[in-house]
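As given, the protein sequences belong to chains A and B, one line each in that order.
Residue numbers are given in this note's numbering: position 72 of the first sequence equals residue 72, and the series is strictly consecutive.
One gets this note's numbering by counting positions in the second sequence from 1 and adding 114 to each.
There may be inaccurate statements among the hints.
Calculated pairs, BS3-like style, for lysine-lysine (alpha carbon to alpha carbon, straight line, at most 27 Å) [unchecked claim]:
| # | chain 1 | residue 1 | chain 2 | residue 2 |
| --- | --- | --- | --- | --- |
| 1 | B | 154 | A | 96 |
| 2 | A | 42 | B | 155 |
| 3 | A | 96 | B | 117 |
| 4 | A | 78 | B | 155 |
| 5 | A | 42 | B | 170 |
| 6 | B | 181 | B | 151 |
| 7 | A | 96 | B | 181 |
| 8 | B | 182 | B | 155 |
| 9 | B | 171 | A | 57 |
| 10 | B | 182 | B | 170 |
| 11 | A | 78 | B | 154 |
| 12 | A | 42 | B | 181 |
| 13 | B | 151 | A | 42 |
| 14 | A | 83 | B | 154 |
| 15 | A | 57 | B | 155 |
| 16 | B | 151 | A | 96 |
| 17 | A | 96 | B | 171 |
| 18 | B | 170 | A | 57 |
Some, not all, of what chain A presents toward chain B, calculated at C-beta under 10 Å [said to hold, decoys possible]:
| # | residue |
| --- | --- |
| 19 | 9 |
| 20 | 33 |
| 21 | 41 |
| 22 | 48 |
| 23 | 55 |
| 24 | 65 |
| 25 | 89 |
| 26 | 97 |
| 27 | 101 |
| 28 | 103 |
| 29 | 104 |
| 30 | 108 |
In case anyone wonders, no lab produced these hints; they're calculated from the structure.
Here a beta-carbon is modelled for each residue, glycine too, at the ideal position from N, C-alpha and C.
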Amino acid sequence: EPEVTQTPSHQVTQMGQEVILRCVPISNHLYFYWYRQILGQKVEFLVSFYNNEISEKSEIFDDQFSVERPDGSNFTLKIRSTKLEDSAMYFCASGKAGGLWEQYFGPGTRLTVT
Amino acid sequence: EDKVVQSPLSLVVHEGDTVTLNCSYEVTNFRSLLWYKQEKKAPTFLFMLTSSGIEKKSGRLSSILDKKELSSILNITATQTGDSAIYLCAVDRETSGSRLTFGEGTQLTVNP
Chain A
1 EPEVTQTPSH
11 QVTQMGQEVI
21 LRCVPISNHL
31 YFYWYRQILG
41 QKVEFLVSFY
51 NNEISEKSEI
61 FDDQFSVERP
71 DGSNFTLKIR
81 STKLEDSAMY
91 FCASGKAGGL
101 WEQYFGPGTR
111 LTVT
Chain B
115 EDKVVQSPLS
125 LVVHEGDTVT
135 LNCSYEVTNF
145 RSLLWYKQEK
155 KAPTFLFMLT
165 SSGIEKKSGR
175 LSSILDKKEL
185 SSILNITATQ
195 TGDSAIYLCA
205 VDRETSGSRL
215 TFGEGTQLTV
225 NP
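Put together the whole structure using the sequences plus the hints.
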């Protein structure tokens, strides 16, 4: 069964550094998403992406964040100048278009900012 | 602001018990309600509900939506230890794509 994959599974970085989190969505999906879950808190929407542009973004997704689909398979989340409060589990998800709005989540990348 | 509230937050049962998990929501331009199971990491999709009163079923799990009461329940019958997980409820609104708002989750523990 096809699934969303994410790399790395765990990333440790120093405050102020840039990180890139990578995702490979399910191959016939057209919508891509990033969510995050701070330890002990709810899963929160960050951004949705369709047709090579951002469809919607939350208040969390400020200028520090960017997303890209650099080729036909990868979907990336870049966090510039990381802060301690960016420490969280980051989930990538993908979904089909055409009214089938289920989202399928990857295993997540745990980001630790020290 | 969209809001999802789940209850109970935590539940401990014995194998074989039946459990009912609750989810209530407030969302502008409701499109669907989704249930996920979160074990160690990724939320795993269970159900998507769009219409009131139509039960979705998968094995021992079933779910139903009540759009009048703005709520949904997830039932698990004959629970097994493998059902131990956090069950997440999320709502989606009508947007150009999709944007899920999650509840806090219900931590279910099934003891042998």
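Hints, verified against the model:
no. : hint             : result
1   : 154/B with 96/A  : holds (25 Å)
2   : 42/A with 155/B  : holds (13 Å)
3   : 96/A with 117/B  : holds (25 Å)
4   : 78/A with 155/B  : holds (21 Å)
5   : 42/A with 170/B  : holds (25 Å)
6   : 181/B with 151/B : holds (22 Å)
7   : 96/A with 181/B  : holds (25 Å)
8   : 182/B with 155/B : violated (33 Å)
9   : 171/B with 57/A  : violated (33 Å)
10  : 182/B with 170/B : holds (18 Å)
11  : 78/A with 154/B  : holds (25 Å)
12  : 42/A with 181/B  : holds (23 Å)
13  : 151/B with 42/A  : holds (14 Å)
14  : 83/A with 154/B  : holds (25 Å)
15  : 57/A with 155/B  : holds (23 Å)
16  : 151/B with 96/A  : holds (20 Å)
17  : 96/A with 171/B  : holds (22 Å)
18  : 170/B with 57/A  : violated (31 Å)
19  : 9                : holds (9 Å)
20  : 33               : holds (7 Å)
21  : 41               : holds (8 Å)
22  : 48               : holds (4 Å)
23  : 55               : holds (4 Å)
24  : 65               : violated (16 Å)
25  : 89               : holds (7 Å)
26  : 97               : holds (9 Å)
27  : 101              : holds (5 Å)
28  : 103              : holds (6 Å)
29  : 104              : holds (6 Å)
30  : 108              : holds (5 Å)
Consistency note: the structure conflicts with the earlier hints numbered 8, 9, 18, 24.
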